[in-house]
Structure formats: structure tokens, C-alpha cells
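Chemist: Listed below, chain by chain, are the residues.
Protein chains: 4
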Amino acid sequence: MGLRTAEEFLNGLRDGREVYYRGERVPVVTEHPELGVAARHAAIDFRLAEDSKARDLAVHCEGNEKFSAFYKIPRDAKDLMSRSKLIELGTSEGATLVLLVKEIGTDALLALRRVLARNKESQGLSRLEAFYQNCRKHDLALAVAQTDVKGDRSKRPSEQPDPDMYVRVVEKRPDGIVVSGAKVHTSCTPYVDEVIVLPSRSMGAGDEAWSMAFAVPTGTKGLRLYCSDFLHGTDDDFTRPISTKHKMIETLTVFDNVFVPWERVFFEGRPDLASATALTFVEFHRFTAVSYKLPLLDALVGAGIAIAKANGIDRAGHVREKLTWLGGYAETVRGLTELAALRCEMEEGIAFPHVFTTNMAKWTFARDFHRALETVQDLAGGLLATGPAGADWNSLELRPVLEKYLRGAWPADKRMAVLNLIGELTTRLYGGYQAVLAIHAEGSIEAEKMAMFRAYDPSRAIGLAMRLAGLEKR
Amino acid sequence: MGLRTAEEFLNGLRDGREVYYRGERVPVVTEHPELGVAARHAAIDFRLAEDSKARDLAVHCEGNEKFSAFYKIPRDAKDLMSRSKLIELGTSEGATLVLLVKEIGTDALLALRRVLARNKESQGLSRLEAFYQNCRKHDLALAVAQTDVKGDRSKRPSEQPDPDMYVRVVEKRPDGIVVSGAKVHTSCTPYVDEVIVLPSRSMGAGDEAWSMAFAVPTGTKGLRLYCSDFLHGTDDDFTRPISTKHKMIETLTVFDNVFVPWERVFFEGRPDLASATALTFVEFHRFTAVSYKLPLLDALVGAGIAIAKANGIDRAGHVREKLTWLGGYAETVRGLTELAALRCEMEEGIAFPHVFTTNMAKWTFARDFHRALETVQDLAGGLLATGPAGADWNSLELRPVLEKYLRGAWPADKRMAVLNLIGELTTRLYGGYQAVLAIHAEGSIEAEKMAMFRAYDPSRAIGLAMRLAGLEKR
Amino acid sequence: MGLRTAEEFLNGLRDGREVYYRGERVPVVTEHPELGVAARHAAIDFRLAEDSKARDLAVHCEGNEKFSAFYKIPRDAKDLMSRSKLIELGTSEGATLVLLVKEIGTDALLALRRVLARNKESQGLSRLEAFYQNCRKHDLALAVAQTDVKGDRSKRPSEQPDPDMYVRVVEKRPDGIVVSGAKVHTSCTPYVDEVIVLPSRSMGAGDEAWSMAFAVPTGTKGLRLYCSDFLHGTDDDFTRPISTKHKMIETLTVFDNVFVPWERVFFEGRPDLASATALTFVEFHRFTAVSYKLPLLDALVGAGIAIAKANGIDRAGHVREKLTWLGGYAETVRGLTELAALRCEMEEGIAFPHVFTTNMAKWTFARDFHRALETVQDLAGGLLATGPAGADWNSLELRPVLEKYLRGAWPADKRMAVLNLIGELTTRLYGGYQAVLAIHAEGSIEAEKMAMFRAYDPSRAIGLAMRLAGLEKR
Amino acid sequence: MGLRTAEEFLNGLRDGREVYYRGERVPVVTEHPELGVAARHAAIDFRLAEDSKARDLAVHCEGNEKFSAFYKIPRDAKDLMSRSKLIELGTSEGATLVLLVKEIGTDALLALRRVLARNKESQGLSRLEAFYQNCRKHDLALAVAQTDVKGDRSKRPSEQPDPDMYVRVVEKRPDGIVVSGAKVHTSCTPYVDEVIVLPSRSMGAGDEAWSMAFAVPTGTKGLRLYCSDFLHGTDDDFTRPISTKHKMIETLTVFDNVFVPWERVFFEGRPDLASATALTFVEFHRFTAVSYKLPLLDALVGAGIAIAKANGIDRAGHVREKLTWLGGYAETVRGLTELAALRCEMEEGIAFPHVFTTNMAKWTFARDFHRALETVQDLAGGLLATGPAGADWNSLELRPVLEKYLRGAWPADKRMAVLNLIGELTTRLYGGYQAVLAIHAEGSIEAEKMAMFRAYDPSRAIGLAMRLAGLEKR
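Chains as they are written, first to last, in my numbering: chain A, 6 to 479; chain B, 6 to 479; chain C, 6 to 479; chain D, 6 to 479.
Pulled out of the complex, with its shape left as it was, chain A reads as follows (with noise of 0.2 Å):
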């Protein structure tokens, strides 16, 4: 107990949950064509346990009890990087896309328990203790549905014309709670185990049925996930190296009438305690992303470096100068990431990481992405848009004139092998996908940016400036 293979794993996700592609409602998730593959990319997690370098990172010995490292408590600076250096090690298996069926929802746990320990919330804590304990036990897969679907912008959820704008509770019976509503962008939901609902906003007086927070299996009744094809296809691996093998897919997740027993309901009807779970929440999930985002500059950085040398331009001034900014932009990102699990506050004897460097590390990862594509498209050159496919460089009649005139100061089929690797990254739908990531992923620039104003502590430098303008003794 505590640690499942791969294949226990897999075989798990058959319990007729109810799940659409491409308008189809799919039988078993595993054996679909495309769902299977972001299964799979998503086992990588339940891989690493067994992987003799990885085990250190990925198991944790509590006692006699061994478990996913995720479902470790961190208690200080220490424990917060061990959690990243995880996150980064799965992403960087999973060929720079997250695996995240384990991160997102423990930053879920995390931050419920903060919530309801710092309101002395006793009945709805042991509820999560104990949904806690049966994940971490059975080594279960989680996912996070928080972003509701929200119609009107300008409006809050009792202001919209149609209230299933945002997850409500519609009954409240002795046995539990019925919601209804549905959530988007939830990442990896067709192939979890549970799906953790929290609210995704400030809630106030007035909002008392939207104000919830609860899990139920992937398989409930009346739980509904509609797929995005976003990054469909499985063919050419030539031009797709990444993601005919990595994917991962969100659903539109709709609750119709789904019934939640009590003791999955980690608080309902509290205005305060919604608003409190979907910022902190995000104070755990925001590390998560900066920590998986890594590998993705890494990469960026990586293949800027070998396409330059490919190409013969890497003497170039100008290219020593857009590899230093790349370098300086990925290593500026790292180093605040690092920073912020070694500021570590805590809070219930749960170590969180700094608020402040926490969202500048994602700001600085989030406002400057699109350059960083920007950058490596340019020294990689025309031949991302104008290239050959993968059917072309396997036809043995045309692979020859391909050899000879796809060369560059490296051979043409590790010219080509990076360039395509770049075109996945920055200029195919593996990079639109990550640049919209990368926007609004995990909180958007702006929510981003509300978040450091909130968290910045102004002290020092207003004191500083009222010293020196005569108006503060020191």
C-alpha cells in the first residue's frame, strides 16, 4: 500500500467514467487512441517511484509507511525545494510538460488544510484529514477543477442572468450536498482517481451557494468531462517529437445534479472560508508552476544553444546576445523559484512558499515567455514554417535530397531533429498550447501582478524614502 505501478495506475481509470472526444462518449480512457497517451504520459509519476535515481525525490518513508513525496507535509525550506525539485524532475521526464496529477492536487490539500486549521474549522478538517489519508494510502491521482466556466466577466455569481455560471450547491439533503455548474480547464481530469472542487474567486455576502469546497471520484454520477482536442494527433513524430507522445488533456467538467456525501465536503455555504481557499490555494499552486516551467526554458535554452551551432551563426554578435538574454531570462526564473521555497513562511506547522517571490517568479516567467519564443524562432530560421514531414524525410527517394540540402555546419538529420524540436516548442500547437499556458495558467499576468501588490511589503522602502525626505527619524 502507498505506492501503485504504472499499471495499477492505468488500470484504475476503468470505472465508466463519463468522458467525450471529439463529440464521442469514450468507453475506456486508456485504450483511446489519443486519451491514452496523456494517460500514460501522466503514469510517468507512478514510474519515477520505481526509477532507482528518482526514488529519493519521489518516495517518502514515514515510519514504515512509504508514500508518493507528494503527499509529504512540507515543514520547511527544505522540504518545499525537495517538493520542486520533483515537480521538475517529472516535468523534465515528461519531456517538458507537466505530469500533474499529483502536484495540483496536493496544493489543493495544502491549502484546505491552512484554511480550515486557521478558522479552527475541526469538523471539516478531520473530513480532509481523512480523504488525505485514503489518497495518500491508495497512491491516488488527483484533479483540480477550480476555474469556473463565469459567463459575464463583469458579473459575480449571483449577478449572472444563468447561476450555473459558477458550481452551486442546488440541494441540500441530510446525506449531502447537490451541485450543479460546471468548471473549465481542468487539466488531467478523464485519467484521475478524484476531482477536488474549490471556488476560483472572492466570495461574498450573497454568494453562500457557490461558496464550497469538496472531492468526489471521477466516476460519479452526473460528472461530466468534455475533452479539448487541443493537441490531437498522434502521427509524425518527425515534426511532433513531443507531444505524439506527451499529452495532456482538459475537460469542460460539468456537475449535473451530482451528489456529494457530507463527509467530502470540506466546508459549504461560508463566503469567507471560499475566498480564503482560492487565494491560498494558488500561494502552493503558483510554486508548482514555476517549478514545472523550468524544463520548458531549460529546453527553450537548450535548443537555442544547438540550433545556433547547427546553423553556423553561434560567432554571430547578435546571437550571443539573444542566447545571454535567454540564459539571464531562464536562470532569473530558476533562481526566484529556488528563493522563494528558501524564504518559506509557515503557517499550522505547514511550510508555504513566499507569497511575494512566489508570483514575481511567475510574472517573470509569465510577461517574458513570448519573447523567449520569439527569440529561438529567430535563430532557428524559416525552416520551422516552411520544413519538410516526416513522410518526406522517410520516403527513401526523397530522404537523400533532403540530406543534402537541409545541412547546415551540422548534418541534416541533427539539424533537423533540433529544429523540429524548437518548431514543437515555439511555432506548432505544443507552443501555442504552452504560450497560452504560460499567460494564464495557474492565475493570469494580472492576477499575478494583483498578488504581488497585495503581498509586497512596503516598509523598508517607504521608511527609507520619509527618512530621506526629512518627514521619519530613523
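If you are wondering where the hints come from, they were derived from the structure by calculation, not from laboratory data. Watch out, some of these pointers could steer you wrong.
[To be verified] The calculated lysine to aspartate or glutamate pairs, modelled on DMTMM-like cross-linking and capped at a C-alpha distance of 25 Å, are:
(1) Lys409/A x Asp157/B
(2) Lys314/A x Asp169/B
(3) Lys250/C x Asp234/D
(4) Lys419/A x Asp418/B
(5) Lys160/A x Asp418/B
[Stated by the list, open to error] Partial list, derived from the structure: chain D residues whose beta carbon lies under 8 Å from chain C:
(6) Gly156
(7) Ser159
(8) Ser163
(9) Val183
(10) Thr239
(11) Pro393
(12) Ile444
Please read these numbers as outputs of a predicted model, since none were measured by experiment. For every residue, glycine included, the Cβ atom is placed at its ideal position computed from N, Cα and C.
Start from chain A and add chains B, C and D according to the hints.
Modeler: Okay, now just chains B, C and D, sitting in the frame of chain A:
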């Protein structure tokens, strides 16, 4: 004569040309599911001449001869503005994708005319004039093969281990020349009538074999076109409203001992003319480029405004800031393009756009294009990467769910239409295609900077500085 | 009549006006060591009319009347271009410092003329016409007091604890009005003949007392001018080659129960006209602004090129990159300024520069000006802040040491002259003065963005986006 | 012994040193109206040791020896953090102006120690150790003369027409060497005890004469200090609250046949050691730089927040956006500085800050500093350049007028104090001084980029890219 219908143009493409797509020879371009789309996109150029609203721009009358306005030799600023407007109109009709089957070819003819006249090359000029008259009379579609495959970018043509890295003369015969080598990024080659070949860089002593310009019919023996499949796919026009109906195809353009009769050789063995042609061509071609970028920029601005309204965020301060930047960016490019025409200069009776201003327009476009993509993605939201497929939308079962939950301040059908347009423009393959073009097509950003550095007239600025420093009298 | 000499202008300033400098009343402005420099700088405007090379731009003939071209009412694009060129010429003669004693005043007169005519205010118009004819006939110098001191920026005029935070009518009498309050940032007030007072913001119901426009002679009783000494100092023209000889003075302009006869009141008690005037004034005044910024930009570009040569770094790649950016920045502002004139619009027979384009030019100027300063400082080197004083240079003992050790690729005298010019433009008080003006003068960057947002015509862009999204037919 | 009082330090400067200011020889530095201010500013360093709150950072105890903590050789990350905090504290006490009379000198001693030890230069090491012990024991103040005047930057030392463009050995004698030439930008030279001379660039074969390091007392015969008067002026502390009381002086530092006895020569005739010293020195000195920039950044952030409140604009969206950026910028520099210490490396038992991270911190600081200035100027408003003089404020007649009209949301005295602080920091001479330092001091931006390019370890990034491209196994 002088004007063909779209159908005449398309029928003219059945000539046994040697075209490959995804590893296979294409028997008839217009019947190919992908290339046919591209050819019909290009045919819009011919339809404009038939369209009562477009005719004034698209058709030129000289005496009682009517011909495509692209073949009109510009004599003043007004002619250049008309040319720019025609390019913009065609691209707008092409849904932001340039048509290019006459734009680039006439850029090349104008450049060759200036260079040959400047150098009193009467033989070359008379060959060019004959070729030009034939193109104009038969309303031919033209591609320009300029960029060589280049091999190791740190080496000149004559230094490359394989001499074919730049197209070259391998034999001179009494009746013509034989050429070998390959060009890359050649746009529209599979569906034009003639391919004009120009040198791609400055040449010097020792580079004679690589220093020539000529034209051949696309069906010429030994000319092989290997298509890129980058924009492949004609299904799902829900998520790809542009690129399922509008495509441009680039080729690796291989010359395998192609014979070119002397009357089609405009010059050869002349590094001086080669260098001059490479530079003069881009003086026209970058003006074409900035003209055809305008609808793309308008589409980004318009889609940005529309999605802000559709999401209900158009009154937020940061949204107004972003829309203002976006409009300012697009209108700066438009304004500088207009100015490049208004400030035109004359050579040999030909008006050409102001070199510094044209490059400044292109540089302004190119260095902020990725920021524009980022801005529109930011306004649109995460659904760009997590939204439903066309098959979902078309499913009778799913549609009501999607209509309920994907509405914003606008109903779901309108909101999703704008979102999917933005998806194409910024996040999916078409967006990646345009992003790479922004950096590399018609000269890279670095090339534009070099052109600006060379074209800048420092006399006013230095004169003022020296006078202010007391080092020079007025 | 119609044209005064510089001396006539200067003599006209002896009228007992109430001017304070560094805490003391200034008896005669032209005899003051600092204000006299500023007055003589302004007098360059009058000298231009006497200069054979400038006369064509500076003097306008109507019938047999000759008058300052600033008083010419622009009727088409050409007139606006001439106005722009005259402003540029005057500023160039003023060593990058605008003269402004007619520029801003005629901006105000043109704006009032449009607003009053638009609203059929015949009485106001005839008063304005009389005032205008008088100014033109006597070749008067004008200041415009627009920006109120404003108090708490989060409050409207009528909400301020002290009603004098915006200039207001405190009494209406049969023969005129009595006004109190203060304006700030009023340029050139101490050495002009007339002060025109305009509202500085949109006004609404309740703001009647603050809603008027009028003009008074500078020597009017109760009008008090408190000069800023920001550019103080006339010694050491070695390190301050510009500002020892060229100054502009801004005042805190206090109205202490100033009486204004009705024939000098263009309107009062009219929030609607006040709002319209505030907006219409900047339509002209921002065009003036971008016109007068051009010599400053040229000086930065020219000095940048010169110091790169003087230091021997002009062949370095990063230096060329910086010079190219600098030239591109300056020329974009120049190009958009030209375009604002070429795209002019007409109201009541008056040509005014294209509003969106003018604001775009100003926005382009303002948002990169500090980067331009940084770039030139970067090229110049640390001597900007560690170089010798004029007294060092003038010392017979020290000069040989400085000449030996401060040479670069140019001899020390030439290199130091360029360095000191750059010091003035970027690092010393004059540089700081221009930097603050770049952000705040003639409307802040935020004001320009708002103006762009309002003036942008979205129809073409939205029309295209909606058509591409399939939501609108062509 | 080991710690001097401020007075002892100041008295020690009376040694006949040859100092020039504004063309005249200065008899006693501490009695000079300008240089005395600078010397007393430097003396803050000595006061810190007497201050009970600062003593822990400022004083180091080893056995029963007490000495300035600057002379503590760092052995781990904690020592480097303490050094950084001490530099920050001193600069904060110096009102954002670094003290630098021990910071830079100990940077030099640490660098020499590493280079000599690395190269087993036992003689050099023992001379250095003796010099170090003397400095530490007598609590000496040190300047470092590194940057040569350099002449034509495109030529190496030995290629310059005048060999004195880099300081060089003109004669070797049995008892020592004789040196000539000049250094520039030498900070604090007039008021330190010793001047350490280091090479400023990499040297090669043929550059032996320019390849040495040594130290001389400031009063040494033939050593002449020509002061820059850039921050001249001690009056009007209303508008110049910092620079009237805090100054740093840079000199042109001329060596006119200066004799240096062998025991003060750390090496000579060794291009290899010269190159290594130039590089190793900046590894420490850039860490000093980013440490001392922190109070300046805090002052900008604090003043930005204060003026937003004082003007009543702190709730505007664009103001929050600007303050967030400002805080994010400052804190990124701070975070990377901290990280540079935490990631320290060891050589010869000496801890030195992580090279890449240090340069990244400095690069981050330098490339956005002008944007920070712009941002604070933007928040402050035009009064920065048009506000009243101290003499106005101090006038009994004018004060009430100014108090009435210059108030914002805060009363005028508080608002003007903040505005004038901002004026100093961003717009007046002190702002220009700091702006030039940001670009050029402790290595230019280009130098930092080169250092980053060299120090970046690409193995992780390239390894990942190659693995993803299928070109390398894990």
C-alpha cells in the same frame, strides 16, 4: 488577353510539373486536397479583376490594353500607394493570408529593371522586357526563388564543402546555361506559371558561378518542388476558420541540371549585379511585406476588441491599456507603410518606396508581433488551448451543454467564433506560421536593422550635434 | 506693424509685471541674469523673421499685410506641415529648447476658434477674433496657463476642500469677471505679452465656476508669477553648452482676484465649452509638441553617432545595434508627425492634425525617450558623471594633462565637446528637464493613451475580424 | 588598533596629497567645502563601528582582535551575506550613496589573494598579506584605480599612439618600479589612505609593461588627483536633500613617474595575472555593486508609493500597475543578490559570490534602471522640473502661497519633501549621476552580458534539448 479568369489560371497549372507532398508525387496540383486549396486561394488574385468593387485597384488600362495592375510600373507615390492598397485588399480577401502569385514576382521584375538599367545592361534589359511583356500579356502567376539553402551560414558560397548550397551555373552552352542547387522557402511555386530565380546575398570575386538571375516555367525538366505540409488539414473549420480554406505552400525548390535558354537569363557571372539585385529586390519586397501585414494586424486588433466585449472585460483598465497598445502598434505600421510610398524615390523612371522608411515599417512590425500575439491571447483567455473541437460543437448531444457553459457577455456561438479566430491567428498552426514569417520572411529582423543602418542619412542629426557641441558652424 | 524686432519684443516686457525668482521680486525681467537669458532665448522667434533663410517659413503675407506665420490659420495639410517645420526650425535654433512664445498661444487661439464656431458662440467668437487680430497685428508673445494646481487628484474641482485648486470666477461684475486660483507649469509667462487661460480638464454640472477661458496682459494687477529655477546657472558653458545660453522658465501662476473685462472673456460658466476646449487645445498642442521634439531627437542621434566615433567603438556590433534603434526611434516620431499633418481633418475651415496619429506620435516619443537617454549614455561612457569642470579645462596648468589623457579616437577637445553635449542632453539638469517634459508636458503618457483609445476608429478592424469569424458578411 | 574613529580617519587625510578641484590645488581635503562633504560622507563607514545597532555587522572579532568587518575574509555564504548587508547598511546610512572606502578596496584584496594563490605566487602573496595586515590593523580607507583612460577603444594598450593610455611600468629599479599613465573614474581617491592599482582588461603577449598590480599611499609623490565636480553644490537642501550632504568624488588619477617599492608590487610583467585579476576583481566588485544598489531601489519604490499617495492617485489602475512593476524590479535585484551569496563558490578557502547569478543581478538592475526613473517621474508629475527653489520656500512672503497651492492629498510641506527627494533621485544631478553609474560603474551592461555568456553552464539545458530531439540518451 491581359486578364485571365480564375479558372483559366487554375487550368494552366496542369503541365506535368514535378511536385511532391508528404513523400508522394502530386499528379495534378489543383486536384490535390491540400494543394488545391492553396491554388484556389491564389486564384483570388484573378477574381479581384472580375469584382466590380476591386476592379479599379486590380486592373490597369494603358491605351486599350487591360492588364493586372501588378504589372503596372509605378511612376510616382500614388502608383505605389495603389500597389500597396491592392496587396492589402487581396490579403484581406485572402483572410489575412497574402495571395503572392503576382506581388513577389513583379517585385523581382521591378528590381531587375532598375539594376540592369542602372548598369546599362542593354542585352539583359531587352530579355527582361520580353519576359515582362509576356507575363503581362498572358496574365501569368509568378514565384520567386531567392533564398538559397545556404549550408553552413558562416561560409560564403565558394567556401561551402558542397558547392550546391547556393544555386549555380554548372555548364554554359551555346544555347543557354545549366543550373543546379536548391532554394528554400519558395512560396507558391506549385501553383504558378513561372519561377524567377534571384541571388540571395552579396557576392564577390570568386562567386561568379553563383551570380545570375533567370526565369523558367514551373514545368521545366529537372525542377523539383518539395512542398512543406506545415498548414496541413482542411477539416474542422470550427477551430480553424482560416487555414482550412486559405493556404500558402512553400517548397524546397531543387534544380537538378535545369537548362535555361539565354533569352531567359537576365545576367550571369556577375557578382556586382547579383549583389545589387539582392538589395534592390528587397527594396520592393519589404514594401510588399508591410502592405500585406496590415490585414493581419487589423484582424488582431479587431478580434482583440471583440473578445474583450464577448468576455465582458472591455471596461477594465488593463484591457483598455492593452487595446490601446495594440491599436497603436498596428497603426504605426500602417502609417509608416503609407509614408514609405509618399516619400518614394525615383530611379530610371521607376518609383520605389523610401528605403529607410520601408525597413522601419517592417522592423516595427516584426519586433512587436509576438507581443501582439501575447496581448490578444491574454484578452481571449485559456479556452484558446482548452476549448472544444468542431466535432463537439456539431454534436447534437453536446451543443446545448457547450452553448450553456461557454457563453460570456456574448452568446456562446458568437464568443466561440471569435475565440476560434483568435486561436487560429495566435495559438494554432496558422498563428505559428505567421509568427515565423514575421521574423524571417522578406528578410529577418537583423537584415532589416542592417538595411536601416545603411540607409539612414545621418547628415541632419550629426550636423545639429556638431553645431550644438560648438564643433561646426551652421 | 505685424512684425516686431527681437529688441522691440524685449523692450515690451518692461511693464511692472509681478515676477519672483528665488524668493525675490524681479524688477526688470530682461535685466535679470537668469530670466534675461530665457527672454533672449524666446526672442529667437523674432529673429527668425529677420533671417533670410528662415523668413519663408517664419513670415506670412496676406495681401500686403505681413505677420508671424504662427498667426496664419492652417487651411490644409501643407499649412500644418509649414507650421510644424517652423516650430522645428525655431527649436533647432534654440539648441533643442522650444521657443514657445507663439506656438502654444496660437494652439490655444485655434482651439478656441474651433470650439466657439462649432457651438455657434457668436459673441465669444467676435471677442476671440478681436483678441486674435490684436495679437497678430502687434506681433505679441503669448503664454497659455492651462494646468491647474489640482490639489487632491482624486477629487473634482468642486470637491476640493479649497475651491482655489482650479482657477475660478469669484465674482461677476457688469464690466467683467474676477478670478482667483493658480495654474502651474505655465511656460514663458515672465517674458510674454499676454497670458491665455484655459480649463485643464473636462467639467460637468456643478463645475460652472471653474469653466471659463480668457486672456490678460502679463502685467495685470493681481497676476503673480513665481518662477522655477530648475535650469539655474549661466556659468560653465564647458559642461553646460546648451542651458547656460538657452532657458525656458515655468511659473506657478497665481491669480489673486484678477479682474478680466468682458471683451477678454471668451466664455464662462460653461462646463460644456470648458471640456471641449481642454480636448481641442491638445489636438493642436500635441502636434506642436511632437514638432518641437524632433531637434532634440536629432541631437541625441547625432551625438550618439559622434561619440561612438570619438570613442573608437563605432564598428562594434552592439554599437551599431544601438545606433540603429536610436535612428529608428527618432525617425518613427518624425514620420508620424509628418503623417499627422498629411492626414489632417477640417473643422470650420480650420485644418487640424489627425488626432489619433498625433497622439500616436507623442506616445511613441514619450514611451521610449528614457531608453534613448540610456542608449546615448551607454555609448558615451562614464565620463558623463566623472569628467572635468570648465574651470579645469580653462586652467593653463591642467589643460595639457586633460588633453593628453582624455583623448579617444578623436582629440580631447572634440571628444569632450561631444561628451559635454551628451551630458547636458542626458545626465545633467537639462537632460532631467527634458525627461520630465517627455512624460508630462502637453499631456502625460496616460493622457495620450486615453486620447488614442477615444480617437481610434475600430470599424475596419472589427469589420474584418467579424467577417473572418463568420459573424458578418462583407 | 584595528578600529579608528571617524575623526581619526579624517585627520589621517592631512598628508600633502596633490588634489585639484575646479582648476585649483586643494590644500586640505577635509576643509574644502565640497571635498569635505565627501570625506565626511565616507566617514560614515567609521561611525558604523561605533553605532550599537550597526556594530554586529560592521565589526569583526578574531581572537581578541577587533577590526572592520570589511577586512574579514569570507569563508561561506553567511559571510558573504553579512558583507552584503553591511554594504547595504552603509549605503542606506549614506542616503543611497555608497560609502566605498573599504568596499572596493577589499574586493581588490580578495581578488588578488585568489589569483596569486591560484598561481602559487608565493612572493606576491606574502607582499599582499603584509599589505592586507597593515590595512586591517590600521583600519585604512582604500581606493581602487582600475579603469585606464584607454584612448582609442579599438586599440590594445600596446597599439595606442601614446603608450600612457594604460598605466605602465616605465622603469624597473633594484628597489622598485616607476609607473606612468592615468586611470579614470577612480572613486573616493582624495579621501582615502591607500590607492590600489589593478589592470582593467585582459592582456596578452606584448602587453607586459601594462600588466601589474600595486598599492601606494595617496600622498605619494607624482600621484595627482583631478576631481570631477559633477555633484558640486551644498546649498539648497530643499531641492537637493541628498547631494548637499552626501557626495562621492571621482578623479582622473595621474601617475607621473610614481615610484613603487617592491614590497608594494603584487605582480608586474605578467599578462596572465593581469587578465585573471581584472576578471576576478569584478567577481567581487559586482556583488558589492548589487548590494549597494538596494537602498537606491528601495528609495525609488518608497518614494513612488509616497508620492502616489501625496498626489491622491494611489487607487488608479495604472498607478498600481506601475508600483507593482517597480516593486517587482527592485525585489528581483534583491533576490538575485541574496542568491548570489547563497550559491557561493570556494577558491583557496575564500568564498566568492556565484558569478553567473551576480552578473545576472547586476544586469537586471542596469537594464531597467532608466525605466524605474521614468516610472517614478511619471508618478510624481511635472513639478519635478517646474517646482520652487529653496529660496522660495524659505521666503516668509512666498511660503503661504506655496503652501496653499502646492498641496495635494498631503499638505504641501510633506508633498514637496517627497517631490524634492524624487527630483534628486531621478531628475537633477544626483539622478543623472546614478543613471550613468547604473550603466557604466563596476562594468558596463555589455561587460555583464559577456560575463554571463562566459559563466553560463549550458550542460543541463543542452542535455535536455538533445535528449528531447532524440540525439542523446539520458
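Chemist: Determine for every hint whether it applies to the structure shown.
Modeler: Each hint tested on the structure:
no.: 1; hint: Lys409/A x Asp157/B; result: holds, 12 Å
no.: 2; hint: Lys314/A x Asp169/B; result: holds, 21 Å
no.: 3; hint: Lys250/C x Asp234/D; result: holds, 20 Å
no.: 4; hint: Lys419/A x Asp418/B; result: violated, 45 Å
no.: 5; hint: Lys160/A x Asp418/B; result: holds, 20 Å
no.: 6; hint: Gly156; result: holds, 6 Å
no.: 7; hint: Ser159; result: holds, 4 Å
no.: 8; hint: Ser163; result: violated, 15 Å
no.: 9; hint: Val183; result: violated, 18 Å
no.: 10; hint: Thr239; result: violated, 15 Å
no.: 11; hint: Pro393; result: holds, 6 Å
no.: 12; hint: Ile444; result: holds, 5 Å
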